[in-house]
Structure formats: structure tokens, C-alpha cells
Amino acid sequence: MKAFWNRFSRSRSAVVGLAFFALVVIVALAGPRFFPGGPFQLVAKPFLAPGDGYLFGTDMLGRDVTAGLVYGARTSLVIGLTSTAIAILIGALVGGIAGYYGRWVDEALMRWTEIFQTIPFFIFAILLVAVLAPSVKSVIFAIAVVSWPPMSRLVRGEFMAMRSREFVEACIGMGMSDARVIFVHILPNCLSPVIVTGSLMVATAILTESALSFLGLSDPNLMSWGFMVGAGREFLQRAPWLCAIPGAAILLTVLAINLIGEGLSDALNPRLRQL
Amino acid sequence: MTDREEVRGSDGVVSDAGDEESFEAGRRRFIQATGLLGISAGIAGLPLESVWAAEEGSVGAPKKGGTLVMVVQPEPPTLASYNNTSGPIGQVAPKVYDGLLEYDMKLNPIPSLAKSWTESPDGKTVTFKLEEGVRFHDGKPFTSADVQYSIMEVLKKVHPRGPTNFQEVVAVDTPDAHTAVFRLKNAAPYMMKALSAYESPMVPKHLFEGTDLHNNPYANKPIGTGPFKFVEWQRGQYMRFDRNPDYWRKGKPYFDRVVARFIGEAQTRTAAVERGEVAYAAYNALPNVDAKRLSKSSTLVVTTKGYEMDAPIVELEFNTKRKPFDNQKVRQAIAYAIDRKFVIDNIWFGYGKPATGPISSNFRGTGLYTDDVLRYDVPNRMEIANKLLDEAGYPRKGDGTRFEMVHDITPYGEEWRRFGEYVQQVLQQLGIKATLRYEDVPTWIRRIYTNYDYDMTSDWLKTFGDPVIGVQRQYWSKAIRPGTPWVNGTRWTSPKVDELLEAAAVEADPKKRNELYHEFQKIVVEASQIIWVMELEFTTVYNRKLQNAVVSPLGVNTSFDGAWMKA
Amino acid sequence: MSGRLTGRSRWPLFVLRRLLQAVPTLLVIAVLNFGIIQLAPGDAADVLAGEAGGATPEYMAQLRHEFGLDRPKYVQLAKYVGNLFRFDLGYSFRDGMTVRDLILQRLGPTLLLMGTTIVVSIGLGVLLGLAAAANAKTWRDDLLTVVSLLSYATPLFWVGLMLIEVFSLKLGWFPTSGMETVAAFYEGWDRVVDIAYHLVLPALTLSLFYMALYTRLMRAAMLEQWGMDYVTTARAKGLTERRIAFRHVLRNAVLPVVTMAGVQIGALLGGSVVVETVFGWPGMGLLAFQSLFARDVNLLLGIFFISACLVVAVNLVVDLVYFVLDPRIEVR
Chain A
1 MKAFWNRFSR
11 SRSAVVGLAF
21 FALVVIVALA
31 GPRFFPGGPF
41 QLVAKPFLAP
51 GDGYLFGTDM
61 LGRDVTAGLV
71 YGARTSLVIG
81 LTSTAIAILI
91 GALVGGIAGY
101 YGRWVDEALM
111 RWTEIFQTIP
121 FFIFAILLVA
131 VLAPSVKSVI
141 FAIAVVSWPP
151 MSRLVRGEFM
161 AMRSREFVEA
171 CIGMGMSDAR
181 VIFVHILPNC
191 LSPVIVTGSL
201 MVATAILTES
211 ALSFLGLSDP
221 NLMSWGFMVG
231 AGREFLQRAP
241 WLCAIPGAAI
251 LLTVLAINLI
261 GEGLSDALNP
271 RLRQL
Chain B
1001 MTDREEVRGS
1011 DGVVSDAGDE
1021 ESFEAGRRRF
1031 IQATGLLGIS
1041 AGIAGLPLES
1051 VWAAEEGSVG
1061 APKKGGTLVM
1071 VVQPEPPTLA
1081 SYNNTSGPIG
1091 QVAPKVYDGL
1101 LEYDMKLNPI
1111 PSLAKSWTES
1121 PDGKTVTFKL
1131 EEGVRFHDGK
1141 PFTSADVQYS
1151 IMEVLKKVHP
1161 RGPTNFQEVV
1171 AVDTPDAHTA
1181 VFRLKNAAPY
1191 MMKALSAYES
1201 PMVPKHLFEG
1211 TDLHNNPYAN
1221 KPIGTGPFKF
1231 VEWQRGQYMR
1241 FDRNPDYWRK
1251 GKPYFDRVVA
1261 RFIGEAQTRT
1271 AAVERGEVAY
1281 AAYNALPNVD
1291 AKRLSKSSTL
1301 VVTTKGYEMD
1311 APIVELEFNT
1321 KRKPFDNQKV
1331 RQAIAYAIDR
1341 KFVIDNIWFG
1351 YGKPATGPIS
1361 SNFRGTGLYT
1371 DDVLRYDVPN
1381 RMEIANKLLD
1391 EAGYPRKGDG
1401 TRFEMVHDIT
1411 PYGEEWRRFG
1421 EYVQQVLQQL
1431 GIKATLRYED
1441 VPTWIRRIYT
1451 NYDYDMTSDW
1461 LKTFGDPVIG
1471 VQRQYWSKAI
1481 RPGTPWVNGT
1491 RWTSPKVDEL
1501 LEAAAVEADP
1511 KKRNELYHEF
1521 QKIVVEASQI
1531 IWVMELEFTT
1541 VYNRKLQNAV
1551 VSPLGVNTSF
1561 DGAWMKA
Chain C
2001 MSGRLTGRSR
2011 WPLFVLRRLL
2021 QAVPTLLVIA
2031 VLNFGIIQLA
2041 PGDAADVLAG
2051 EAGGATPEYM
2061 AQLRHEFGLD
2071 RPKYVQLAKY
2081 VGNLFRFDLG
2091 YSFRDGMTVR
2101 DLILQRLGPT
2111 LLLMGTTIVV
2121 SIGLGVLLGL
2131 AAAANAKTWR
2141 DDLLTVVSLL
2151 SYATPLFWVG
2161 LMLIEVFSLK
2171 LGWFPTSGME
2181 TVAAFYEGWD
2191 RVVDIAYHLV
2201 LPALTLSLFY
2211 MALYTRLMRA
2221 AMLEQWGMDY
2231 VTTARAKGLT
2241 ERRIAFRHVL
2251 RNAVLPVVTM
2261 AGVQIGALLG
2271 GSVVVETVFG
2281 WPGMGLLAFQ
2291 SLFARDVNLL
2301 LGIFFISACL
2311 VVAVNLVVDL
2321 VYFVLDPRIE
2331 VR
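Residue numbers (this note's numbering), protein chains in the order written: chain A, 1 to 275; chain B, 1001 to 1567; chain C, 2001 to 2332.
Treat the hints as calculated values from the structure; they're not laboratory data. Be aware that one or more of the hints could be misleading.
[What the hints assert, rightly or not] The calculated lysine-lysine pairs, modelled on PhoX-like cross-linking and capped at a C-alpha distance of 25 Å, are:
(1) B:Lys1478 / B:Lys1512
(2) B:Lys1511 / B:Lys1462
(3) C:Lys2079 / B:Lys1296
(4) B:Lys1545 / C:Lys2079
(5) B:Lys1221 / B:Lys1129
(6) B:Lys1292 / A:Lys45
(7) B:Lys1387 / B:Lys1323
(8) B:Lys1292 / C:Lys2170
(9) B:Lys1478 / B:Lys1433
(10) B:Lys1292 / B:Lys1353
(11) B:Lys1353 / A:Lys45
(12) A:Lys45 / B:Lys1341
(13) B:Lys1387 / B:Lys1124
(14) A:Lys137 / B:Lys1433
(15) B:Lys1129 / B:Lys1205
(16) B:Lys1433 / B:Lys1341
(17) B:Lys1296 / A:Lys45
(18) B:Lys1496 / B:Lys1512
(19) B:Lys1496 / B:Lys1321
(20) B:Lys1522 / B:Lys1512
(21) B:Lys1156 / B:Lys1129
(22) B:Lys1106 / B:Lys1433
(23) B:Lys1478 / B:Lys1462
(24) B:Lys1397 / B:Lys1387
(25) A:Lys45 / B:Lys1433
(26) B:Lys1496 / B:Lys1185
(27) B:Lys1462 / B:Lys1496
[To be verified] Partial chain B-side listing against chain C, Cβ under 8 Å, derived:
(28) Thr1078
(29) Ser1086
(30) His1214
(31) Asn1215
(32) Ala1219
(33) Arg1235
(34) Gln1237
(35) Gly1264
(36) Gln1267
(37) Ala1271
(38) Val1378
(39) Leu1436
(40) Asp1440
Just so it is clear, CB atoms sit at the ideal spot from N, CA and C, and this is done for glycine as well.
I would like the entire structure built from these sequences, with the hints used as guidance.
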């Protein structure tokens, strides 16, 4: 662990990314305590400029933009992390089984994966959210459904490579159950590429959520950064900060996650391709 | 300025508003309309015209030529305005199709394809004299047979509102090629408000008869008698209409071409108008906040005129078959709690007027409207609201809440979403915990008007030219029609209201009719099955050089035959 | 060398096999999407009546009958799939046109935007990636990293709106939206120039995003290739660094970029929804978005189907390009 940290911290940008991401997490966890009225509460006159009594000003209805940012951090992180976790789960399951058992199982599962890769993913996500009605659950579900295929291909490749290694053959020869071989012996050995790719998927998920919000497909009861940018764009001339501040929040968070991803990639496997 | 001045275009196309309609008046307007205008100012003898001319620093003879680029939002699904009344279709189809009548700014009929008309005293026979020498774009003459066909075979059968507009029409007789006689079962005063090119286009019998009207090849390549000919429709981009050189109003139209562009993103539409790529944007194509900003621009004009025949009202509708909204006191409490001024100022940026009831104050001029009803915009309204909820049996519990509910948001864009967020906050102040639900259009329509699976929803309905067409549908017991949108979705009924509405629909005497509607307004406002929040004002933003841009209560939904661009 | 010859001669068979393999994939996509759309409440008649501002029950029933919506779902599905086998994508009742014609109108602009984006983003990505790799571990490398990550991390719609704000409104260099100056109706060469002019901002918006990806990929691939044995061998043979870089390393490093571009065609088609919305570009993404909310089932399914065909076709082309770039790879 220490060695890992040493390698990770060799990249200054990765450390900066991690620090910023940690800040976002802290804000998301602790911030709402400071805004008990929630992000939708009308607190003051509309369109107060940043600093005019409120750190980041107020929006078109007189809501505190800072409160929106804080609650939005929570929404963006929940959506980014949960949808990625689900996508990794599906992807690892499908890819793992395909890679481990090979042959017709592999063929069938990869065909299924290919189908999902052939559908234009963002339009498919829109379809899913529209069908299920916009809510935080449907957005998470839709993002997970469209983002698992690359993960499954990655895991499949790792599993195929592992499957033919001697220690795995030996385990199977000893009569170990498939589940034990998979979970105890193979899976831990392919975690590093999964973690690296997963970290980038979190970033993509946050971007996808913001694009869905932009098109009006977000949970109306939750404040999210994408929603703030989307709702603020009408007021680009009147109140540019309504669009710029949450936009910057998205940008910096996604950037931070990407930097962490690169750092992880270097630290875990210097030879790994940086996607 | 008054309506009267506004309508008077520099060439006087649409003429003096306000006097009682008659055969003679109609004919006089027709004379003006055909361009004998040097004389018309003399005939009409209206000093106001010169006032107008002086104020606007106008303008001389109309300049011919050029292209008018307008933005239409969203892109129309079809051009078949005879069987689909989707808003954007109305903005383009009247360039191609004419109607029997047009309307002045006070909603009185003026001539179009019908150069004059007479109504029998019992209101059961209406005779239209048609303009002569009118030809469709394919060269075939327009006659009374086309009128008969359009009304009886097209509008009465496949138009969404046609069956209501022409419900009393039994037959259209054609004694000669230029006379059409409508024979009615009962008087139908609203029918005379429904004969514009927008509401009831006159289509060519020779191209439509015997075909499947929904899939007729001319549905999307319309052939009409209007000032512009349809040329092409590049989906996702634009529609192009070119000048009809044989238009029956000689010398018109002035533009060589009208192009309707489609731009999905509101910010981009604003940019296109600001940059001069687009000269005309109606129906809030630009967000209100931009309209407000651009109203100070030296190159653009922002107006709320031209929507008098829409008269849309922003509403909150209750599901009166569901607890606790079956309780009048609960409904009234919420009606008291909504701050109409806040909504108008902060959500629609000033483009609206507080609504007092189901009939828009636009009808003040015709006497249909009254504000002598229960008023919810009183100073101590929050106090009353809380008291009503206590009385209704929903006191605040330990945590300060009374009950929970779901508030559906009508899926028509950003303002509606903000309105929902505002309502949620107001309900919270009353101790009502509301969850918001925002679904897409088809889902929402199903939920509200088929499944009735809702507590309270925002909504907006146009009241159109007459209460029979636009208002009655929300209050009449026979308008509870599962599966049909924009009817009585609250399912609130009262025998008395039914009686009043049915009597008013066939009442030929305007005065008696007004009294019936006044009583109707009093009853439903007290019942509060709907909260009438505000009368929505749409905006039109157009280039200052554009002349005669808004000359009718139908605004953009007209032919633009008198519009022209100053150099 | 012999592998190369047999590989080359077998490519028509390879193409045929891939096309046959694609048939079940495309069918499953059609059925899957049909099923999902059926789950959505409300139908095309609801939408039309909704837009119309009212309708009678008879009118609604008539519409449903005409659209075939009153038939059982499995009959509708069977009919749809049957039509697909005859290359018939059906009819859009809402638009009063065949789906084929509707999509054909949009295919040109879509391909134009996509093609430009792919060329620009790969071109720039490869160049910047090369520059970064050549300056690896210097401030130039860091700068390129930050720039490419920034353009990746910025939401597309935000970039689009900003470009309009700056280049259309403030500077007045480019039109805000649309594909051509419709008031002018240019013809011939003028029209080409006009369209190119309109293409700049939307293509730039999309390209910036993908460029970032390809830059990262190219940089990594270059660095990896430099470490390979064949480079050492080449040096030993006395080839110049320049020759090694361009003849050998570059060629191999471009492969993952090309693969990635192929994989991302689907994403590009979808991602263009946002750009098409912002710039009013008449592409297929926007059409899909509109058809969904109009419950125009035939049209939406048709777009999914055609997009899937496009993805299959592009990936086939990518494989063939691969084959040209790297003769060692045999087509299977």
C-alpha cells in the first residue's frame, strides 16, 4: 500500500486531482448541514451577483447558488459512483463468465455485449430515462446500462489471459469450485485495470448526467450540476454565473477524476495503455 | 396605444376596429383590403391613422421583394392544418391557405375569401358571398363547392376542433359558384369566430375528394389560395414559401419569399435573432428573459399583441375525485397561497396578467368576462389558507406538515419546471410536502387525461375565440372523456354549470349570453377545482424594419400578405 | 509475406461473414428497442391530440386505427420485423412520409458532421499525441495533457453555447446555427462554401471532445511502441530515428486510435444529439430525440436500426483499415 502511494504520489497532478476530489466528497457529505432548507428554498431576491450577500449569488427564483452546488455535488457523486458500480458489476460478471468459460458461453455473451455497443448509447440512455420517467433511479439505471459493455470486454480479456496461466490451471486441477477460482484467484489479479477504467467511467457518468439534465431529463426533486447549467443557460446574458459556476464544478471534478485515473494507471501498471 | 391604432398598418390593410359588424362594414373593409387605399382613409375618416403615421415616422409605400426569415418552434409535424392544429403548423399553413374570414383586434370578423355575409335573425342561416376570380395555386378556381367540401367533408370530420366549431351545421348549400349558405340546427355564435385560415382553412376539393385525407399527397405539399406558394420542406431545417404572383388581393404579397427555420435550442434562437439571421420569432420562441432584454434593443421590437384569440391561462388543476382534493376548502387554500405576482414577475418575467377565473380578461371587450368573483389575491391570503386547511381537517402534525402529495409539472419547458419548483416551496409553507414529477408529453397526457392518476398538475389551455370552443371543455360534465387531452380532467361537475354552459352555447342574444357566462364564472371560481394563476402573454420578437408584422388577433397565424421590410 | 497474400485474397469472404453475423445483432436491436418503447406510456395519438389542443374520442380512435396502434403488440412487432426483411422501415404517420425518406434527408448532414469530426479529431489527436510523446515528461507534455483533459471534461453543450457566444455574437465570424443560409438559397460552389462555413462551430465542438481522447491514446501508444523490441532491432540495423518514428512506430501507434474511433461511432452518433440541438444541425440524433417524444415508434426504431447498421459498417471498414496498416494481422 505504501509502495502504491509512493508511486501514485510521484505524479503531482494526480495528487492535486485527489485533493480536489476529496474536497468535493467532503462538501457533498457535510455541506447540506449548513443549508437545512434545501437547495430549492427561496432565500433572497433573484439574480443577486456572487458575493452580494451570498457566496455564489442567487438564481432566477432567488435560491442560493451555493446551496445548489453543495446538494448538486451530492447528486453528481451519487449518480457517478452508483452507476459506475452497477456498470462494473454487470461488466465484470458478463466479461468474467465469458472469459472464464470461453467457447459458446463466450460467443453468446460477447454477442450480447456487441448489441449494446452497436446501439448509439446516448440516444439509448435518453430512451430509457424517458420510458422510466426522469428520476435519480432511472438516470443511474440508464447510465449503467449504456456503460457496461467496454468494461465487460476489458474483464473478458483479463480473464482469458489469466485462465491459461499455470496457477489457475493448477487450482482447477485441484478440484476447486469455479466460483472460488474466479473470486479468490482471478478477480483480485485483474482489479487494477478495472479500477483505472472505472475511475474514468465515473467522470463520463457525471458528464452524461449533465447532458441528460441539459435536455430536461433529470429528477425534478434533486438539484444537480447539470440541471443548474441547463436551467441557467437562459440567463447567460443576465446572470452568467448561473451557468458558469456549476459548469466549472463539473469541469473541475471530471478533470480531477481523470487525473486520479491517470495516476492510478501509472501506479498500478506502468505498461497499461492510458485510455 | 389602443388596439385600434395597432391594427392599422401603414397601408391600412386591416381596417377600423370596433364598430358593429354588418354586411356594409364588411364590404367597406373589403374595398380597403383590395388596395384602393388612397381613398380608404378618406372613407373611414379616422384621424387616428395620421396619429399613428406620425408616431411611427412612417413609411410611405410598401417596398416589394426580399425574403422574410422567421423561426418556428418546434418544427411542425405536418402541414395539414385541416386535420392537425399543432401550434407550429398554424404559424406556417395560413401563408398557403386562406379562410373565409379574418378578425380585427377586437375579435370581430372582417372579410377574406368571404367578401361579405349575412346572418338570419334566429342565427340558423348564415350566407357568405365569396370573392370572385380566386384561384388555387394549381390554377383551378376557388368556388362555393370548395367551401362546402372543406366544411362538411374535411373540417367537420377530421379537424380536431372542427366537430365542435361546426357542431350545429347541418348543410352548406351552394346556390351559385360564389355563394355558400350554412344551415344550422341552432344558433352557434362561436362559429363566426372559427373561420380564419388558421382555424378553418379552405382546401381544394378537386385534389382532396375521394382520397385518404391523412395521407393525401397534398397534406405536406399544400395547395391553397393564399399569398405564398409552398415550395419545399427540408426537415430539420426550413420550409420555403414563394410569392404567389396571382394572389387575389392584387399587388400583394410584398415579400418574394417567406422561409420558416427550425432551431431547437432557445439560446441559439436568441443568438440568430440578435445577429439578424432571423427577422421574426413568435410564440415565445425566445425565452422571456431575452425578450425583456431585447425590448430595449434599437433594432428589434418585442410585442405581446397578436395572441388575443389564444388567450391562454396558466392553471393548477386538482384531481377532485381524490382525497384531500375532493374538499373545496383544501383547493381554495392552495389557490390563496399562490402568489400570482411572484409567478408573473419571476417566472414569466412580467409577460402575464393575474387571472381571476376561467374566462380571460381578453373577453372584457365582448362583455363575457367578469372579475366580480371570489378573489384569491387578498392581502391576508396565507392566513386564510392556513385557516381553511385547519377547518378542512388537515391540521399541522408534530413536524409541521399536514399531508403529502405529488405535483405533476406540465412538460412544456423551463418555465413550467421553475413554476413547479415555486409551487413546491409555497406548499411547504402551508405544511404540505409535495414531490415533483416531470414526465414527457405523451406520458403526462396519459396520466392526466386518461388514467386520472394525479393529485395536482400545472397545465395551460388556450381559451380561443369563444368560451364554447376553449372554456366549456374543462367544466362541462359531458367533457369528461377519458383518453382525450385538454378536456375536463378534474372531473368536477355541477348540474347548474352544465345548464348554464348549454344555454349559453345556443344563446343568440349577446347580452343574455354574457349574463349566463358571468354566473358560470362565479360558481366555478368558488368551487376552485382549478386555480387560474395567470393569463399568459406570449411574445413576438421581430426586426424593427419589418412593417405590418402583427395586424391580427391571430398574430403569426396569418398570411403575412401585407408585411414588408423597410430598406 | 504469404500471410499477406492469403489475407488479401480472402477479404471478400471476410466481409460477407461479418455482414451475415450482423443480421441477428440488428434484429435483436430492433426487437429490444420495440419492447422498450412499448413500455413508455402514451402513444402517437396522444401526442397528436395533445399538440392539436384537443380532439374528439372518435378522432383519437380513428388515428389509432390508422397507425395500427389498435392491433395487439405482437402483431405490430411481427409486422415490423417482417418489413425489415424487405428493407422497409415503415411509415411515419406523424410526418406523413416513409421513414426511409425521413432518414435519408438527415443522413447527409449526419455523415457530414460525423465525418468531419472523425477526420479533425483523429488528425489533431494524432498530431498532439505525437507532440506530447516527443516531449514526454516536459512542461510541453504537461500542458498538452491539461489542455486535452480540459476539453474532455467540459460538457459539450457548454462548449457549444460558448462558441456561439464568442464566434457568432461577439466576433460575428460564423453563423449561429443551421446548415446553410436559407434566405439565400445558394447553388453550386457557393453552397458548398456556405455549408462549410456553417459546419465549423458544430464540428469543432464535437471534435474537441474526441480529440482529447485520441491525444491521450496516441501519446500512450507512441511511448509504448518506442519501448518495443523491433525498435531496438531497427536501431541496431542503423535506421535513422526519423525513419523509425514514421515508418514503424507511428504506423503501429495509430492502430489503437483507429480502433477506438471505430468503437466510438455509436457514441458519436448519440453525442451529436446535444450538438445538433444547440446548433440546429439537421442530423439524425435530433430526429431521434424528437421522434421519441412524439412516440413516433417507426421512426425511432428506424433510426436505431440505421445507426446500428452504420456502426457495423464503420467497424468493418476499421478492420479493413487495420489490415492495410498492419499486414501482420490476418483477417479471420
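Let me make sure I understand: some of the numbered hints might not hold for this structure. Which ones are they, in numerical order? Checked against the structure, the hints that fail are numbers 3, 4, 5, 9, 13, 22, 38, 39, while the rest are satisfied.
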